[in-house]
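Visitor: Chains as they are written, first to last, in the numbering used here: chain A, 306 to 635; chain B, 25 to 262; chain C, 399 to 693.
Simulated from the structure, these hints should not be mistaken for laboratory data.
If we take Cβ atoms under 7 Å as the criterion, some of the chain C residues that face chain B in the derived model are:
1) R567
2) T578
3) T580
4) V582
5) P585
Here the structure is a predicted model, which means the values were calculated and not measured.
Think of the CB as a built atom: it goes at the ideal place given N, C-alpha and C, for glycine as much as any other residue.
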Amino acid sequence: MTDQWTVRRSGRATKISSVAMVAFGIALFAVPFGFRTDVVQQLTTLCTLLMMAVMWNVLAGYGGLVSVGQQAYIGFGAYATIFLTQHDVTAYLAVVLAALASGVLAVALAPLLLRLRGGQFAVGTWVVAEALALLVALDEDLGGGTGVSLRGLNTIAPDWRRAYTYWLTLGFTLLLLALVFLLLRRRSGAAIQAIRDDEEAAASLGVRIMPLKFMLFVLAGFGCGAAGALTLANTLFIQPQSIFGVQWSAYMLFMVLVGGIGTYEGPILGAILFFLLQDWFAQYGAWYLIGLGAVAIAFALFLPRGLWSLADDRLPFRLLPVGYTLRPAG
Amino acid sequence: MTLLRVENVEARHGLLQAVRGVTFGVTEGEILALIGANGAGKTTLLRTVAGAHPLSGGLISYDGSYLTGVPAHRRVRRGIAYVPEGRRLFPEFTVEENLLVAGRRARSGRWNLTTVLEAFPALQPLRGRLASRLSGGQQQATAIARALMTNPRLLLIDEVSLGLSPKAVEEVYACMTVLRESGTTVILVEQDLGRALSTAGRVICLLEGRIALDAKTEGLTRDEVVTAYFGFHQARPA
Amino acid sequence: MNWVNAVIQGVLLGGLYALFACGLSLMFGVMRIINLAHGDIAVLGAFLVWSLTVHTGIGPFWALVPALPIMLILGYVLHRTVLARSLRGGPLTPLLTTFGLAIVIQNALLQAYNPDVRSLGGAAGDIATGSWRITGQISLSYLGVLILATAVLVLGGLQLMLRRTAFGREMRATAQDADTATLVGVPASSVYARATAIAVATATLAGVFLGVRSIFDASSGPTQLIFAFEAVVIGGLGSLWGTLWGGMVLGVAQTIGATIDPQYSILAGHLVFLIVLASPHGRSLLGYRREGRPA
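Build the full structure now, drawing on both the sequences and the hints.
Guide: Encoded structure:
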């Protein structure tokens, strides 16, 4: 990402940097051919975290909807994959279908949850996640409370299995990034900006908030469902308490707050940082989590626009043309 | 004795500079009218004095000390009361509760629930009525009475007669007599120039955030006021 | 008879939930924020009392005598240091910070006390186990009645404070219009800090009752927050007495669910909550109402 500094003119610079980033994203598909499988698996984990961060940012950063219950979709996506494979669907197809099913779940829940505002929405989504976790734990076919393994992938050689999972995860990640990009570039982008700045003023200016929130909510459901299904494909085993655990929301909050809430690039930065921190400090257990919480509070209070704002203010151009007034020159 | 001194005060709303380097003093017991077109910065100026709007430049001194960094509720305790535009009564409180909540931490002085209700006899029968069920004039009277409960030395009244019926305006200005008699210093923002000039002893006209006129009302010609108000000479009808 | 018993036990349990909920309700009523760390603060209070009982040998109710003032101060400081700043940051910031706070408290407890499950029931003595036998199948536990009575007292006391005292009037004024309140001399931030202090103290009370009644560990907080929130929503946001009914409805739903199958207990509560949300009642409760009174 550093080679773009040489370019001066903002329009062209942004264009070049976007092309470079897309190229970089596509180049990432080649990773399994050049790196060890544990790297591939790590990158898969990073991609699932990135998906979650981007989706949480879609809700909180663009829609003003702070959710403490996105783990509902993460868990639902994972368990839907289990359910589908138990009914003789190929595992990777099941992952895709499960992500779509999570989107459908979001469609069903939207009328109930989107009427809640602020903290009510936060806890309301959480209750839904808890209820789903309890329901899943009741079902012995899904392994009950003790957990369940994903079958159907053990016929594939481990190296290839990890590569396939990685490719699918990367594909989903790029798809979600593209969807959010389109969302910001089209007319909805201006509306999103308006809502983010002042929801009531936006409503009074005729911005139709509900359809937009609905769209964001369903997109986040779909994305988190995919992240959950892919987490399962990566780890092959899940338990309801952990896949439906509120710690996912804590992670998402951390990644988005530290990276930069309401920005396109922030959550990506936050996910990478969180991934590294996880790698370095997770061994410290509770202390690590205390640190995460404290850092998140500090960012919310003292640097509410996150680390990306520091870079963004200094860069002479935007890395990606997501600003709604931006017109690439040329 | 100068009670309030405003020196080079500047205040902004985001990028918009509403008040640009305003300087004036107010003597104890004076009634000062602040006039000017919409957007001239009158309300913003009043709010910066009350502590409800941040100062972006300059100094305000009151009773011999600077107000910089003094939060609004402390200014109230030092005797600066503000009657906001639109009255802003607590809608779920009765008239009496509106008065009592302001009186709780007040300076000591002549005003308490009994004396305020004596001064505003019209409010006496309305004591138990919810503020949201009062007429505009009753609301304004309650808002001024509420401000008096804090025993102010300096009373800032924003948009005294805006949105009131002519009769209500009469009633509200009847209150001014009470204020004058009690020796309270008053700065009032008023759109009705005739009212402003007849009530106040001195007038300040703001034009685009600056003082365009600062004069005694006595002997002030209509021409001078209009020029300051609009910023140019109006052609006299031939 | 089984069902009658379930309802009675549910009503008693509702007292506990109402106690958890009233602090949440108070903070929402006055400051319009939902404190996502409320449950963890309650558990922190329970741990504080547990430590006091272990180190001094006094019963948990006596331990409340020093614990409640400590938690009051903690709540006050919490507002002055963290919440006051987050309130200035826009509507999302308090949610983000209190959620961060929840993570910090939970893991700090985990670090300080290990993940073991604890109970204050043993230290509480007879009151934790005794009961009045009404009929063969129905009994009223001393503790259940004590908790319900405490809840009624606390809610009634708060109601009285809000309605009848000058401080309560300031709190209601601040809830209606904080800006104007400061302009008539009410120090809104100090009102907020005291509301937070009261909320934290009631949460502590609830946490201790939870500990005496059953068990708790470092990660018990989120569940209690959820129950408290459900009670608040079922009872009607911003209404203190409604919170008591809400707690009872939730308690009865859980005990009836448990009578059918112990696994259904909590699920039944969630279900009732979601039904209330979906109903027109829920819609009117949660509409775009900006003004509200905390009582």
